[in-house]
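Dock chains Y and L against the given chain E, drawing on the hints supplied.
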Amino acid sequence: MRFLSLGAAITALSSIVSAENTDNTVWDRVLLEAHGQTVYWNAWGGDDNINDYIEWARVQVAEIYGVKLHHVKLIDTAAAIQVVEMEFAAGKREDGGSVDMIWINGENFARLKRQDMLGQPFVEDLPNYSLTDFESNLSIQQDFSEKTEGLESPWGLAQFTILFDTARFEKFPTTALELLSWAESNPGRFAYPSPPNFVGTTFIKQLALETMEDPSLLYSPAVENSAILLEPLWSYLEQLHPYLWRQGQAFPDSHINLRDLFNRDEIDVILTFNPGDAAALVAQEIMPPSIAPATFKLGHITNTHFLALPGNSESRAGAMVVANFLLSPAAQARKADPSIWGDTTVLDLSKLDALDRNLFQTYTTALGDAVLEPHASWVPVLEAGWKSKFSQ
Amino acid sequence: MDTLARTAVIAALLIVGFVIGFPLLLGLWQSLYGGLPYLSNVFDSAGLFKSAFTALMSSALALFSAVGLAAIFQGKQRALTWISLPLLAIPHAAIAQAISLLFGPSSFTIRLLSPWATGYTSTPNNWLWDQHPDGWTLIIVLAMKELPFFLILIYNLSSSLPLSAWQRGSTSLGYSRVTGWWHIVLPVILRRLWLPLCLVIIFCLSVVDVPALVGPNLTKTFAHQMYQNWINDTPQGEVLASGVLLLGLSIITIAISAAIFKLYYLYLRFKRHFVRGLPALILPWLGASLGLLLMGTALVSLALLPVQSVLETSGHRVPFPQIWMGKIGLNGWMEALKVGIPTLPTTLLIGALTSSISLLIALWLLVLEKSYGHQRWLETVLMIPLLVPQMAFLAGGAFLGIRLGLIPNHGILMATWFHLLFVLPYIFLIIAPTYRGIDLSFRRTATALGHNWWSIFFRVELPILFRPLVFAFAWGLAVSMALYLPTFFATSGRLETLLTAGLTQLAGKGDNIRAVWGLMLLMLPVFCFLAAYGLASWQASGRKGLRGG
Amino acid sequence: MLKASDINLYIDGRQFLKVGNITVEPGRIVTLLGPSGSGKSTFLRSIAGLNDSKVTMTGHVSLEKLDLMPLPAHLRRVGYLDQRPTLFPHMSVAQNLAFGQRKPNPEELNRALVTSGMNDKRDHDVASLSGGEAARIALMRMLLSAPKAMLLDEPFAALDPQLRSKIRGFIFDQVRTRQLPVLLVTHDEEDAKAAGGEIYGIKNQEVAREA
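Protein chains in written order, with the working numbering: chain E, 10 to 401; chain Y, 1139 to 1687; chain L, 12 to 222.
One chain only, chain E, in its complex shape:
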């Protein structure tokens, strides 16, 4: 009974918050249906702070909406994609699915979307979606050039950058050329994870944007002989590699390994896709306080990570309620807090009222100029090219 009355109170509250284009009666029905549902949320489980945040959300949605949230901890999102694909292949297309919500972006999203496994668009039904900059923010409308079409709800913002140790360096490189000379004068102190690790791939994307004669070509689909266009990138990397960690004879598998290598004094950089990492890793006592992000003259490759709902979920209403809760100013602000997680918010702060806006005051939003992700078809070209150049 307590849950019901609380739920009703929240319904009332959300009707105040939500923008006028949302049909309240539709959302009311979703809330009612969601009550008592169990939602299995498949999300990467490798970070205690993120796990703790999700645990906090679990308690919140249980108390406020009566939704039972379970965090299925993944080593990698591809595993959840495989599960969904298998279920569809086994004939579970409408119901009987085991994944109710996935933390997702990029190729994983495109893969499910292409196979029509995400059901009906839902994001416009979420009252809090209107608080994002969905009208003009390209990285919310598109996920690696794939139109989101209301099939995934934005959750956080990612931006590629490199963190340096301010205790040892005053000036950080801001261009590819500066990076090269930095590496030359600090041999062995730079490393990047080998593609296809997504941070490693993003690093060479960022370099490709800078070294290619006509970078705009990266935004149209790669064609058969597009690989030739990447020659300047490979010759740049050939110059860089002898000055890398272990002279380019070995590469870290994952961007996460860079943290350990840094703390063990093997390298002086950390590559990250989270602009808030500099503050967050310090606040969470993972990295020393002397790290700070570099700013690239060109701007930083930027994308958004999302929440998608597989079409065979039996708890779609519950998952929608959770997705909406995660878009609420309170949840987004907590997520942006570096001592909690430090993930940049997807909300458009100008759309919030003063009280909510204050919640975000001190947190990083973005680093500077955002550069959109190149077209997804370039990823295999870059990865195959890298492999044939450097790992045979």
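Honestly, I wouldn't trust all of these hints.
27 Å max Cα-Cα, derived BS3-like pairs, lysine-lysine [claimed, not checked]:
(1) Y:Lys1465 / Y:Lys1476
(2) L:Lys65 / L:Lys14
(3) L:Lys132 / Y:Lys1682
(4) L:Lys214 / L:Lys14
(5) L:Lys65 / Y:Lys1508
(6) L:Lys214 / L:Lys65
(7) L:Lys159 / L:Lys29
(8) Y:Lys1476 / E:Lys77
(9) L:Lys204 / L:Lys14
Hint data in this document are derived by calculation from the structure and do not stem from the laboratory.
Below, chains Y and L without anything else, positioned relative to chain E:
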């Protein structure tokens, strides 16, 4: 009894067929169907070569060291068993972790020696020993883990051979103990180690967690590359095609090792001179020295894990060559125990169920074999799950589970089923030689004393088998605890075991947390083994005849 | 009375031994004398039903007019002693003896222990016994199972000569006092003489009466 026996045979076929064959065939079909069109996309000669090279080298090194140790330390196997059993139970990842902690350029050891002995004032950037690009670190780590497996198998096998009679024979002809063993016992034992050797080779070909820690990580092994592709969103078809290629590579590698074996036996057949004296000791001693070196290094590096686990590295950097790696504290343990302990009931339940069912099936098949002769094909079918890349057929099994409505709501059942595919073959492998080796006269005598079939089975054969049985049970637990993908697919990730929780925790953590998890993952199986060992010793107390050869 | 007639033995379908007619009266020890490898042990085991499925036998075997052929081995009540004493390693001396009893009978067990001279070693590990001790235990255990006939497959073959005649005497005494029909196979003429009964030999894969 005859119709009963026939029913039993048919039931065995059905069970083996359903439990193993069905998901396997379905998965393989799916892989071939979905993967063949992409074969050329994923063909990677460098990676395939590196895989074959590391797998063959590591299994050869392990086998050679194991026979060397067995030859030199005849009669002292108790001590070696005490070292082997825990090593056998330890997950590969824990050893890899320990080795990379011991041999890294910024490790404890190098810091201790720097700069006074090494001349390094900053971490050496041409250092490759902790992840050698040619795969030598990988070869050594794999050999460390497979060596005890071979050693234990050799002991199990020798207990069914008339060793002392052979020994008497060769000694009286003037051969030393070691040389005699090498000339007489080795050829017999090697022949029976062929199948285990295949398992080891295949394991080395498809292992991913070890190369992830110790390289090679520029030109990766094929399976490692395949896993990297899989978690980095490569299209499904290409992943399946990689599985098909891996299968092909397995067949080729096995063929190569088969050819080497054939050559060895051909050589034995036409050998007319048997080496004696000092020259005959070169090979055994070389093997034994390598074996001791491998085991010693493994033990030393594992001994460093507890030290590492309380050195908190997070939150600050430790300038090279400062030795003090951080502050001491139990935070890593607190964190890991908080996550690990709740998973214990599930982990143990699945492990115990899997092991018990595997033991029952294995015994059943062996009993049938006694009355109906040795069914080689059945044994081969049992081994297939270990001979085929996991990723290829797990998808098929999961497909079946979903179809039957068992996934995701009957997680324990499905996980037990999937684990069975991997545990049953090992358990069969461990108890089969001993069961087959039970002296026929036991059964003859007991029958003449008027005991019926079942009475002999329970009152004579099982008690004599007690030791290998508890050992197999513990080994089954250890295998089950180390399965990640099967657990994940069987439960859609909803059930957490110690390993699945541990692996999600390992990604992105400091060295101390990794060391804690390495220890947590090794403590549980080691504890099971010690318990098994204790139980077997208790049963055998005052019964010399049960301790095996 | 143990009777075997018109016996043909096959291994994997190939005939390797023919036995015309052997009759053993209660209290007599009949010997089948032949070199090793002649198939006499296989013949003995076939009477008791103890061979594996490779060996097949046709013909008639009866014990006290009961046809043995259709009976499963454990119900034939034919005692059998192997060339080496087979003691179960997980049982003590007394347990091994008790394993032979069809019903628990402590007094009988004690008598067997005394007879075999093992009273003070009743709880010992069988692995610690000498060859002679093991042979005595194996015999007494077989006798405790109350067989109606006894088949001896050179049960003293593995013993050294001195012990050999001693154990042989012990075994013969024990089976004679029980008035059992006994069939002994051996390659040693000494054994055959000591047995005192009829002697059969093997020639051209056929068993024939010699004395």
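Status of the hints after comparison with the structure:
no. : hint                  : in the structure
1   : Y:Lys1465 / Y:Lys1476 : 21 Å, holds
2   : L:Lys65 / L:Lys14     : 24 Å, holds
3   : L:Lys132 / Y:Lys1682  : 15 Å, holds
4   : L:Lys214 / L:Lys14    : 21 Å, holds
5   : L:Lys65 / Y:Lys1508   : 12 Å, holds
6   : L:Lys214 / L:Lys65    : 23 Å, holds
7   : L:Lys159 / L:Lys29    : 25 Å, holds
8   : Y:Lys1476 / E:Lys77   : 22 Å, holds
9   : L:Lys204 / L:Lys14    : 22 Å, holds
Consistency note: the structure conflicts with none of the earlier hints.
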